[in-house]
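S.K.: Fit chain B to the supplied structure of chain A, relying on the hints for placement.
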Amino acid sequence: MIGLLTLALAAVPAADSPTCVADPEPPTYYDFPLVSTRRVPGTGPATGVGRVTFAASPFGVALAADGSYLLDVWLSFERLRLPPEGELVVWFTTPALDRVVRAGTLDETLRFSGQVRWNKFLVVVTLETDPDPSAEVWRGPIVIRGMSRSGMMHTMAGHGPFEKENCASFGY
Amino acid sequence: MRALRFAATAASALVLSTAAVPLTAQWSAAKPGSDNIEVLGHTPLGGRLTVADMELEQELDRPYAYVARNAYGGLGPKGTDIVDLSDPEKPAVLYEWRIENQDLHLPNGGMDVKYFKLDGRYYVVQSLQFGQGGPNHDLGAVILDVTGLPDASTVREVARLSEPDVPGGFHNIFIYKHSTGKILLFTTVRGPYAHVYDMGRAVSGDVDNALIARVPVPTGAEGSRSGRGYHDFYVGYHPETATDRFYGGGTGGYYVYDITDLDTPEILVTLTGIDGVRYGHTFTPSADGRYVIAETEYRYAPLRIFDLKPALDGEVSNIDEPISAWTADWKNLTHNHEVRWPYVFVSGYLDGLQVFSLMDPENPVTVAYYDTYLGPPNTDRYSMFNGTFGVDVRNEDGLIVVSDMSTGIWTFRMEGFQGWNGEQWGVPDVSSVQKWDEDIRRPVSDQ
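Just so you know, the protein sequences line up as chains A and B, in that order.
Per our numbering, the very first residue in the first sequence carries number 1; after that it's consecutive.
Per our numbering, the very first residue in the second sequence carries number 1001; after that it's consecutive.
Treat the hints as calculated values from the structure; they're not laboratory data.
Here a beta-carbon is modelled for each residue, glycine too, at the ideal position from N, C-alpha and C.
Incorrect hints may appear among the rest.
Said to hold, decoys possible - Covered by chain A, per the in silico footprint, the following chain B stretches (three or more residues, Cβ under 8 Å):
no., stretch
1, 1101-1112
2, 1319-1330
What the hints assert, rightly or not - Pairs of lysine to any residue residues, derived as SDA-like cross-links and limited to a Cα-Cα distance of at most 25 Å, are as follows:
no., chain 1, residue 1, chain 2, residue 2
3, A, Lys-120, B, Glu-1100
4, A, Lys-120, B, Asp-1165
5, A, Lys-120, B, Ala-1071
6, A, Lys-120, B, Gln-1132
7, A, Lys-120, B, Asn-1101
8, A, Lys-120, B, Asp-1138
9, B, Lys-1309, B, Gln-1424
10, A, Lys-120, B, Gly-1074
11, A, Lys-120, B, Ser-1162
12, A, Lys-120, B, Leu-1075
13, A, Lys-120, B, Glu-1163
14, B, Lys-1182, B, Gly-1220
15, B, Lys-1031, B, His-1042
16, B, Lys-1090, B, Pro-1150
17, B, Lys-1117, B, Asp-1397
18, A, Lys-120, B, Lys-1331
19, B, Lys-1182, B, Gln-1102
20, A, Lys-120, B, Lys-1309
21, B, Lys-1331, B, Leu-1374
22, A, Lys-120, B, Gln-1102
Bound conformation, chain A alone (with noise of 0.2 Å):
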């Protein structure tokens, strides 16, 4: 089986390789809304998106070493004053916040790009005064906070299959 298959690669020539390119303009649905938490002078009226698709691959689907989604995530931001004192950083978290990355900081146009990879994560924009790049965590106060649309998806374990409420709004 092995040798059928290094006769099958080896007939393909390395420059005729098929590579899948994410679509550079992905579905809005792939969009998340980033929001200020209004907790740091001139970043309240900030908005912002976050864009994901999945990172180029030959395969389609690009996966990360340990077998989880890999994607390329975009960043940009409006209206969001850059504090005169400390870098806007951004974290990439898992919703338990049991796993945290720290992804990069934002540039000068108020965008970042990188990459993530879990299917379900936070975006987590913090105003770090003394930026360490090896920092495992945020030591700041939070400024933008987003979830990705994945992660609206949960499990139905103690809720109704026919509620009509949102989850995120008990009612009284």
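M.R.: Same frame as chain A, now just chain B:
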């Protein structure tokens, strides 16, 4: 058809009380309260729709109120405010407990809050509900040791109660000193039962074994909401029968259980098939356990008053008709209540603090009121959900405290009400207030 039935029910319930209750509100911006209510103090706590339920400590030398904070309007803190009432005219926030990374926790946050005393220490239980998609969706409550108040630096977190199998947190909680001497926490969960936790185990570090019992919703009950079997409950001792009784509102209506033996809760009375009630809410008995005040959570719904005697006497097993009803304003909705017989203290959402008397249970009479919220109904959430959310009464001196979803914490005195002891009214001295330092109750004949 169901809608017609609801309408007919609301109408009939209101007719029951028409003679006793004004049909429209009497309070206004210029005169928000009745003459027999004195506003002692008021402290705003933050933005609109950020305040939920509250609890008042009962000992005069511990003048503290605990106020749940949430983000019902989308923005807001998520935790508990500890308020110093040593000067009731100037409620002052002593301490703010907040969930870590509260900006990443999805609403709502803090909902109900209770306190208890165990082995000489004082604790607060803050119920929590966080939406899925963020952290701690399965976290139901946090327990704080508040023994060292007013020194806020001594407040410390001692335990968290999480339920991964029934995620969604605890919407409501009730604390009760059982006749076995155990301090029990009853919680709503998203399942067809209420959970019962032993607080002794929880605060001693044995959180994994703190869940010791469940009180079920009777089989066959219909009409759930958000998957919760119960929405609310009260637990009280019944001296006449020397039993511990659970009064729960939720799926299909209301239920009374004998929970003296926590391993085998015994259903005593069901209240189902009530016109206009698919899902019960707050459900509180009179001190002697004969009458119950039952809330349903929709606009136009009055508080219904039921007489349990036919069921407690064994004549019937189910009760489906109220003997009377009370509403502050038929256009609105009333919420939680505290019974200090014959008075019922109500947090009436848009109608503020309301007090009515059940001296004649078939003819409830409004005796006092003060509207703490003069704003409009909601337009972004359910229209009735704003204004007074929680109410509590200090039995020792009659201090009345309410929490308002948008205007904060208020303290009141009601003329002629300087405290409450049931025996002064010819009923057992039983209310939501627990007697932490008293021995286990015994039947009168044994004393």
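S.K.: Below or equal to 25 Å on CA atoms is what counts here, so check B:Lys-1090 against B:Pro-1150.
M.R.: Status holds; Cα separation ~15 Å.
S.K.: Quick one, are A:Lys-120 and B:Asp-1138 close enough, alpha carbons at most 25 Å?
M.R.: Given that 25 Å is the threshold and the Cα spacing comes to 17 Å, the pair holds.
S.K.: Are the Cα positions of A:Lys-120 and B:Lys-1309 separated by 25 Å at most?
M.R.: Measuring from Cα to Cα gives roughly 55 Å; hence the hint is violated.
S.K.: Take the C-alpha atoms of B:Lys-1331 and B:Leu-1374, compute the straight-line distance between them, and say whether it is at most 25 Å.
M.R.: Measuring from Cα to Cα gives roughly 15 Å; hence the hint holds.
S.K.: Tell me if the straight-line CA distance from B:Lys-1309 to B:Gln-1424 falls inside 25 Å.
M.R.: 23 Å, holds
S.K.: For A:Lys-120 and B:Gln-1132, compute the direct alpha-carbon distance and say whether it is at most 25 Å.
M.R.: 11 Å, holds
S.K.: Need the status of pair A:Lys-120, B:Asn-1101: alpha-carbon distance at most 25 Å?
M.R.: 18 Å, holds
S.K.: Is the Cα-Cα distance between A:Lys-120 and B:Glu-1163 25 Å or less?
M.R.: Holds, at roughly 21 Å.
S.K.: Taking only the CA atoms, is the gap from B:Lys-1182 to B:Gln-1102 under or equal to 25 Å?
M.R.: This hinted pair is violated, its Cα atoms lying about 33 Å apart.
S.K.: Could you grab the alpha-carbon distance between A:Lys-120 and B:Ser-1162 and see if it respects the 25 Å cut-off?
M.R.: 22 Å, holds
S.K.: For the pair supplied as a hint, A:Lys-120 and B:Glu-1100, is the alpha-carbon distance within the 25 Å limit?
M.R.: At roughly 20 Å apart (the allowed maximum being 25 Å), B:Glu-1100 and A:Lys-120 satisfy the hint.
S.K.: Take the C-alpha atoms of A:Lys-120 and B:Ala-1071, compute the straight-line distance between them, and say whether it is at most 25 Å.
M.R.: Judged against 25 Å, a Cα distance of about 23 Å means the pair holds.
Against the hints set out earlier in the document, violations occur for numbers 2, 14, 18, 19 and 20.
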